[in-house]
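Protein chains in written order, with UniProt numbering: chain R, 1 to 718; chain Y, 1 to 328.
Hint data in this document are derived by calculation from the structure and do not stem from the laboratory. There could be a bad hint or two in this list.
Unchecked claim - When the alpha-carbon atoms are kept at most 20 Å apart in a straight line, the in silico SDA-like pairs for lysine to any residue are as follows: (1) R:K663 / Y:A234; (2) R:K716 / Y:D304; (3) Y:K300 / Y:H272; (4) Y:K2 / R:V46; (5) Y:K2 / R:D102; (6) R:K716 / R:D408; (7) Y:K2 / R:S37; (8) Y:K185 / Y:V201; (9) R:K716 / Y:A234; (10) R:K705 / R:A403; (11) Y:K2 / R:S41; (12) R:K513 / R:R431; (13) R:K68 / R:S565; (14) R:K705 / Y:F307; (15) R:K716 / R:L637; (16) R:K705 / R:S156; (17) Y:K2 / R:P43; (18) R:K716 / Y:R231; (19) R:K663 / Y:S235; (20) R:K663 / R:A389; (21) R:K716 / R:G704; (22) R:K716 / Y:F307; (23) R:K538 / R:L512; (24) Y:K2 / R:T97; (25) Y:K2 / R:H47; (26) Y:K58 / Y:T74; (27) Y:K2 / R:E96; (28) Y:K2 / R:S251; (29) Y:K2 / R:E99; (30) R:K383 / R:I362; (31) R:K68 / R:P482; (32) R:K663 / R:W394.
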Amino acid sequence: MRGAAPYAAEFAFDGMVYAALVFSTIAKGRIVAIDTSAAESAPGFVHVMSHYNAPRMKPMMPWASSEKAAGNDALPIMQDDRIRWNGQPIAVVLAETQEQADYAASLVRATCEAEPATTSFAQAKANGTETAMLGGQPVHIEIGDAEAALATAAVSVDATFHTPYQNHNAIEPHAVTVAWHGDELEVHDASQSVAHNAWSLATMLGIDEHQVHVTSPYVGGAFGGKFMGTHQVLAAAASRLAGRPVRLALSRAGVYRLVGGRALTEQRLAIGAARDGRFVALIHTGTSTHIPGSPHPELAQFVSYSSYATDTLKIDLQWAYLDMVANAAMRAPGEAVGSFALESAVDEVAVALGMDPIELRIRNEPATDPLSGLPFSSRNIVKAWRAGAKRFGWERRNPTPRAVREGDWLIGMGCGAGSHMYAREPGGSARLTLAGDGTVEVAIAAHDAGMGTATVQTQIIAEQLALRPEQIELRLADSALPGLVPGVGSSQTTTAAATTVAAKHEVVAELLKLVRGDSPLAGLTADDVTPRDGGLAKIDDPGRHESYASILTRAGRDELTIDASGGNPTESEQYSMYSYGAMFCEVRVNAITGETRVSRLLGSMDCGRVMNARTAAGQFRGGMIMAMGLALTEETLYDERTARIMNPSLAEYHIPVHADVPKIDVIWTGIPDPHAPLGARGIGELSMNGTAAAIANAIYNATGKRVRQLPITLDKLL
Amino acid sequence: MKPFTYARAGDVAEALRAGAAPGAKYIGGGTNLVDLMRETIEQPTALVDVTGLSSDIKRLRGGGLLIGAAVRNTELATHREVRTQSPVLSRAVVAGASGQIRNMATVGGNMLQRTRCAYFYDAGGSRCNKRNPGQGCDAIEGFNRTHAILGASSACVATHPSDMCVALAALDAVVHLDGPGGARKVPLTELHRLPGDHPEVETVLDRSELITAVELPPLPWARRSTYRKVRDRASYAFALVSVAAALDVRGGEVRNVRIALGGVAHKPWRAHEAETALIGGPATTRAFRAAAEAELMAAKPLHDNGFKIELATRTITAVLSELAGGTR
Numbered sequence: 001m002r003g004a005a006p007y008a009a010e011f012a013f014d015g016m017v018y019a020a021l022v023f024s025t026i027a028k029g030r031i032v033a034i035d036t037s038a039a040e041s042a043p044g045f046v047h048v049m050s051h052y053n054a055p056r057m058k059p060m061m062p063w064a065s066s067e068k069a070a071g072n073d074a075l076p077i078m079q080d081d082r083i084r085w086n087g088q089p090i091a092v093v094l095a096e097t098q099e100q101a102d103y104a105a106s107l108v109r110a111t112c113e114a115e116p117a118t119t120s121f122a123q124a125k126a127n128g129t130e131t132a133m134l135g136g137q138p139v140h141i142e143i144g145d146a147e148a149a150l151a152t153a154a155v156s157v158d159a160t161f162h163t164p165y166q167n168h169n170a171i172e173p174h175a176v177t178v179a180w181h182g183d184e185l186e187v188h189d190a191s192q193s194v195a196h197n198a199w200s201l202a203t204m205l206g207i208d209e210h211q212v213h214v215t216s217p218y219v220g221g222a223f224g225g226k227f228m229g230t231h232q233v234l235a236a237a238a239s240r241l242a243g244r245p246v247r248l249a250l251s252r253a254g255v256y257r258l259v260g261g262r263a264l265t266e267q268r269l270a271i272g273a274a275r276d277g278r279f280v281a282l283i284h285t286g287t288s289t290h291i292p293g294s295p296h297p298e299l300a301q302f303v304s305y306s307s308y309a310t311d312t313l314k315i316d317l318q319w320a321y322l323d324m325v326a327n328a329a330m331r332a333p334g335e336a337v338g339s340f341a342l343e344s345a346v347d348e349v350a351v352a353l354g355m356d357p358i359e360l361r362i363r364n365e366p367a368t369d370p371l372s373g374l375p376f377s378s379r380n381i382v383k384a385w386r387a388g389a390k391r392f393g394w395e396r397r398n399p400t401p402r403a404v405r406e407g408d409w410l411i412g413m414g415c416g417a418g419s420h421m422y423a424r425e426p427g428g429s430a431r432l433t434l435a436g437d438g439t440v441e442v443a444i445a446a447h448d449a450g451m452g453t454a455t456v457q458t459q460i461i462a463e464q465l466a467l468r469p470e471q472i473e474l475r476l477a478d479s480a481l482p483g484l485v486p487g488v489g490s491s492q493t494t495t496a497a498a499t500t501v502a503a504k505h506e507v508v509a510e511l512l513k514l515v516r517g518d519s520p521l522a523g524l525t526a527d528d529v530t531p532r533d534g535g536l537a538k539i540d541d542p543g544r545h546e547s548y549a550s551i552l553t554r555a556g557r558d559e560l561t562i563d564a565s566g567g568n569p570t571e572s573e574q575y576s577m578y579s580y581g582a583m584f585c586e587v588r589v590n591a592i593t594g595e596t597r598v599s600r601l602l603g604s605m606d607c608g609r610v611m612n613a614r615t616a617a618g619q620f621r622g623g624m625i626m627a628m629g630l631a632l633t634e635e636t637l638y639d640e641r642t643a644r645i646m647n648p649s650l651a652e653y654h655i656p657v658h659a660d661v662p663k664i665d666v667i668w669t670g671i672p673d674p675h676a677p678l679g680a681r682g683i684g685e686l687s688m689n690g691t692a693a694a695i696a697n698a699i700y701n702a703t704g705k706r707v708r709q710l711p712i713t714l715d716k717l718l
Numbered sequence: 001m002k003p004f005t006y007a008r009a010g011d012v013a014e015a016l017r018a019g020a021a022p023g024a025k026y027i028g029g030g031t032n033l034v035d036l037m038r039e040t041i042e043q044p045t046a047l048v049d050v051t052g053l054s055s056d057i058k059r060l061r062g063g064g065l066l067i068g069a070a071v072r073n074t075e076l077a078t079h080r081e082v083r084t085q086s087p088v089l090s091r092a093v094v095a096g097a098s099g100q101i102r103n104m105a106t107v108g109g110n111m112l113q114r115t116r117c118a119y120f121y122d123a124g125g126s127r128c129n130k131r132n133p134g135q136g137c138d139a140i141e142g143f144n145r146t147h148a149i150l151g152a153s154s155a156c157v158a159t160h161p162s163d164m165c166v167a168l169a170a171l172d173a174v175v176h177l178d179g180p181g182g183a184r185k186v187p188l189t190e191l192h193r194l195p196g197d198h199p200e201v202e203t204v205l206d207r208s209e210l211i212t213a214v215e216l217p218p219l220p221w222a223r224r225s226t227y228r229k230v231r232d233r234a235s236y237a238f239a240l241v242s243v244a245a246a247l248d249v250r251g252g253e254v255r256n257v258r259i260a261l262g263g264v265a266h267k268p269w270r271a272h273e274a275e276t277a278l279i280g281g282p283a284t285t286r287a288f289r290a291a292a293e294a295e296l297m298a299a300k301p302l303h304d305n306g307f308k309i310e311l312a313t314r315t316i317t318a319v320l321s322e323l324a325g326g327t328r
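Using the sequences and the hints, build the whole thing.
Right, dumping it as structure tokens:
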């Protein structure tokens, strides 16, 4: 460890200046005046940008509005006097040092005229909600008459669950360093979408896409929060205005003000079951907070689309509109909070039936996708449940709540199921250059935000081409590289794996064209050979082998370059494809104070083939820790009177600290998916799902208290 | 932050001279002051670094300890005599902040920490009588789950964040001050003020008065003492409720007791009512609970923090029971 990895806020340019933001302190209204005179006489002041002098720019383009759009809203940035949320940047102050910029920014005085705003969830609902849209379709599904089936079911649970606003807290706050070279813009970003951001910046600034070069070689955590944002645009615009390179690093509070997180949800979860446990009705409806133009639905209900067989199904999501910062994708968006509600309700049904909650889940395993009717590509969650239960010691669980006690501590066990849909984005491609010395350079516009993408991709390429990892040089996260790979953590591995497989086929085909008549491989076709020991060999006669170096040298070639694409993800049209997790938790709840301590966690995963045990286990553990935060401690204190976020700091927004986290056990079925490239389905978000419910269900088992509102802080257990 | 000058004081006299300048402020470890300067809540024009002054822990004749104001929190918590004679103090310090912060923070600075009320911290966007006297308080009708239940006023419901001070309050600690008007001593329990109409005035310190040391008088039976901090996560969170207590029980009777509460008031809250109720009575869980209830009779809950009354009652009861040797 040398600390030499360059992060976005560590790139430096000659003449660079530092930016600090001034934020609005009202939720809605207009800026009447901005007095910058005091700021302008502060030491080191260089320039100030506001809507009065900002370059004219197009508004942000939200996700999916076009191929490379990756914004969280559709709002103009510093183009008018409108204030649209509390915390909106209204001025950018540039100075010679960060401290000078921060101080000068603190001297800017804005006069604003407030207008009535919708800042509370109750008011937003009272204003009237709208049915949420996903892919142009309203989120409303009915199979049979679920309400009628619920009303006549032998056993039923009908409950309302609440989950709070949450904010992104990657260890590296968002940052960008930019420089203009004439009309060319160089951007060092902390991003999970470099190609998108290059296109977005170009479009908004009115230049050509190829005039913007975005790199992001190292990212200190992204989790869905580091796509295209407001700050990159402000930095580029301010830099153009001042004629100086600019570094804009958001403060921790700045991240809270500019980058949304999970939306607030209110969910109704109702399940009707027959005496034998079979579900006759599943109703998952509710309301999520939203702003117009936001591309992120916080679709909690998605988890109920295909988790369980049920006679009838009802799904509905309403959006309640507030004047606030747009929500963002946040690790397992929708699913994380939806699985809390669904898997808590399933536990309640198990209690009502007097049935083991694992057996109840297994009893409701669907044979085919309940919604689409498609066959599952590979679904082995029952195996995961059985293996997990055995390893966790589930048979030692006492199903009676509040029955196990050690001193002041009540002990309980709980479980919950998680799933995450397989996704492979179309259009992923890679450029592979095989050099005369037999080494390979692979360029791919993918990102490593700490998940181990670089390690795993190197390993996959090495395996595919029968090379050693040190013979491979991987280039990532550079918008000049080929391949539009969205930074969606969970789909990236699979997308890149598909391109790697395609690349291997092309390399073999191209090399065979170069093979000379006296080669051991002469006369063989692509079907006959496979990569082996740094070259090609006949599959059934490995002695017939020639190294890549030899093939190229004897053909008089310095190198061989191929561009490969993974092709369209047709597998998703033919199969219902999900990864699964059976999550187990043991908690200790203090009978006196209500403090909860998670004492054991186990994830038993069914995620297709695991590419790298170490990085996979790391991702699973990370997701489970983040889910501990969801279940127990994390909540954005969003003051409903003012729409102001009141705890924008790591001291007051409680993510789990080391002392909260127990040893976490992770196992997997290891069963490759026959319909996914290399058998892998993606794992980044999976363990976020089901874990919060496992914790809540363990708390119920420990205390007899069913808490349906997150986070489960100690006051709810007193 | 606003530009400022910085100077290290070589002795108390030099510190007092520099500290008398308008806009001057003393700085210890800076673990709170620098944050507040970044937020522009504090805007000193001169910082006088007093970490070079007394950083010794001395044994006093007749027992007791004199702890220099510049002693780092880590040093205090790990000091052999503190750990054995006053475990409550060692445990309270270790319950606060993080290892890195404790390595920097000083005893004097710890006492002068300012509240963690979110509205106090939100200099640009919220009203606060502590920051801007007379402006109003956004906490009273806002998020106040962590706020005071005892001794608050209609002007301020903030709490004092220190763990160390709660233990010092229980131990009858005496704060040594020096200033333009000469040296004086103030009991720790009288150092901090209740908010009243002037929450901006947090201590009885005169302007430019300097904390030089804190004295622990001999309290031999405080060997049986402890600190219990209840919070929202296992570490690195401020107390919702904390209890510092020392108990002297002989023959099932409470001979002497000290109880102080954290997280419930604008100052470390010495529980005199509970102490009075207990001394001379039986050391039973029932008596502990009754004493705790007596102390909390005066509690006034806000919208979000009513749970603290029951939580404090239970925690006091549990801590005293533990000190009494597991009495049920």
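Within 20 Å, alpha carbon to alpha carbon, are K2 of chain Y and E96 of chain R?
holds, 15 Å
Please verify whether K2 of chain Y and S251 of chain R have alpha carbons no more than 20 Å apart.
holds, 17 Å
When you check the alpha-carbon spacing of K716 of chain R and A234 of chain Y, does it fall within 20 Å?
Answer holds: K716 of chain R to A234 of chain Y is near 17 Å, not above 20 Å.
Tell me if the straight-line CA distance from K513 of chain R to R431 of chain R falls inside 20 Å.
OK: K513 of chain R and R431 of chain R at ~19 Å, within 20 Å.
Is the Cα-Cα distance between K705 of chain R and A403 of chain R 20 Å or less?
holds, 13 Å
With the threshold set at 20 Å, check whether the alpha-carbon distance from K185 of chain Y to V201 of chain Y stays at or below it.
holds, 19 Å
For the pair supplied as a hint, K663 of chain R and A389 of chain R, is the alpha-carbon distance within the 20 Å limit?
Between K663 of chain R and A389 of chain R the Cα gap is close to 17 Å, so the pair holds against 20 Å.
Given the hinted pair K2 of chain Y and H47 of chain R, is their alpha-carbon gap at most 20 Å?
holds, 18 Å
Check whether the Cα positions of K716 of chain R and D408 of chain R lie no farther apart than 20 Å.
holds, 17 Å
Within 20 Å, alpha carbon to alpha carbon, are K663 of chain R and W394 of chain R?
Since the Cα atoms of K663 of chain R and W394 of chain R sit roughly 17 Å apart, the hinted pair holds (cutoff 20 Å).
Does K716 of chain R pair with F307 of chain Y here, judged by a C-alpha cut-off of 20 Å?
With Cα atoms ~9 Å apart, K716 of chain R and F307 of chain Y stay inside 20 Å; holds.
What's the verdict on K2 of chain Y and T97 of chain R, does the C-alpha distance respect the 20 Å limit or exceed it?
It holds: about 13 Å lies between the C-alpha atoms, which stays within 20 Å.
In summary, this structure violates none of the numbered hints.
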